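Line by line, the protein sequences are chains A and W.
Using this note's numbering, you'd call the opening residue of the first sequence number -18 and step up by one each time.
Using this note's numbering, you'd call the opening residue of the second sequence number -18 and step up by one each time.
Incorrect hints may have been included.
Repeated chains share a single entry, so a pair holds when one copy, or any two copies, can fit it.
[Unchecked claim] Below, in silico cross-link-like pairs of lysine-lysine (DSS-like), each with a Cα-Cα straight-line distance of 27 Å or less:
id, residue 1, residue 2
1, 33, 21
2, 126, 33
3, 126, 28
4, 21, -10
Think of the hints as simulated: they come from the structure by calculation, not from any bench.
Please read all numbers here as calculations on a predicted model, not as lab measurements.
As a plain string of letters, each chain reads:
Number of protein chains: 2
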Amino acid sequence: MKDLTARQKEILTFIHEYLHDNSYPPTVRETARAFSISVKGAYDHLKALERKGYIKTSEKRSRAIELVTPPESDTPVVQIPLLGEIAAGRPIFADENFERTIAVPADIIKNRVPHFALHVKGDSMVGAGILSGDIAIIEQSDTAKNGDIVVALLEETVTLKRFFIENNRYRLQAENPRYAPIYTQDLRILGRLRGIYRSY
Amino acid sequence: MKDLTARQKEILTFIHEYLHDNSYPPTVRETARAFSISVKGAYDHLKALERKGYIKTSEKRSRAIELVTPPESDTPVVQIPLLGEIAAGRPIFADENFERTIAVPADIIKNRVPHFALHVKGDSMVGAGILSGDIAIIEQSDTAKNGDIVVALLEETVTLKRFFIENNRYRLQAENPRYAPIYTQDLRILGRLRGIYRSY
DNA sequence: CTGTATACTATACATGAGCATAGGAGCCCA
DNA sequence: TGGGCTCCTATGCTCATGTATAGTATACAG
């Protein structure tokens, strides 16, 4: 593939960002507006990108930009299912929760142990550096050690908390002073936190 | 999510197939043509799909269909170099800092923009949910916007801080009350924070 | 010096495309 | 029986959008 000029790289980057944000490509005019240039200016850039093999366009169709992505090399990663925000009362592994799969580095996944990922919602674990919107990578397990951060099911609700066994009860401890610990005798552990992933 | 009628499922399937073939979504008219129905017929179907939460559309924009549950596909990954703990005074990109490569989801990597990863050391960014030992994924860049978290080089030291431009100086702000902001006129930005990865 | 590529502006035009109004027919539920 | 959904037609408005023509300015290779 031919080299791009600095400006052409900017345009290509814009298309990537736009696609990332909207999941459909920009129009010629939106591209022009993004760079404060004329419509024809943007149009010519798109044609240049097509000529150089970085994108494909279709005639007379709006937003008809396809990225020509270079082939990816094989990488040591594992795909695990990303379950959405867990609604209370719904079985966590139900199909309806399934969002997509995400790739995580293979080395954090213990062999042959199923893992899954969850969107974190709420600020109850900020003290442990876990923010709302983070993706938590969970090792499926029905046991945990004292102090582990676990995904626990209690009374129809799924939460991410630090787990402690006390004399005759369990304690689920948030990492945020605004949340009181939860004491219960009846809880099911769904998995242990193995990783956190956040995107800015 | 509400149940779809048989016809609505057909329409949704068509959108999936179209996206798979073209990598951009169909127009209302293309959808209508595919089913040999009127434009309004297709339009109403799309609105029904949106009402039931299966797609998202934007007003007055062509092809502005976003799938709420994207088609099941493995997320592609890219390998980026993981540089070790950065020792003061050492050039950050020197070979000796190179540890290994790590895989990160491709969608957070802007195309053709080089990225690298760093081990975070210290607790100066705990307020932003960034802990010691985390891996920071950085987009290489020598500029940043106000409020971005950046990797900056100042006087032989490399730090991760929130970046602000003030009248005649830069402010590097930790996210931890125990650290005072750093003011300087002389600093080099090495990159912008794009992701955080943590392993337990 | 000239041809070729880049990077634009300004204007224009046909048609693509979203969206609306005004219907009709069939279905299920209460 | 009637109201509310689904699924559809036909027609039309308005603005969005791809594409074209014509021109300016700059840089670079031969």
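How the hints compare with the structure:
For the identical chains of this complex, residue 33 and residue 21 are intra-copy neighbours only, at 18 Å inside a copy versus 39 Å across copies, given an alpha-carbon limit of 27 Å. In the homo-oligomer, the alpha carbons of residue 126 and residue 33 never lie at most 27 Å apart, since the shortest distance is 38 Å inside one protomer and 31 Å across protomers. When the C-alpha separation of residue 126 and residue 28 is checked against a cutoff of 27 Å, the pair qualifies neither within a copy, at 38 Å, nor between copies, at 31 Å. Taking the shortest alpha-carbon separations for residue 21 and residue -10, only the intra-copy value of 18 Å comes in at or below 27 Å, while the best inter-copy value is 40 Å.
Checked against the numbered hints above, the structure violates hints 2, 3; every other hint is satisfied.
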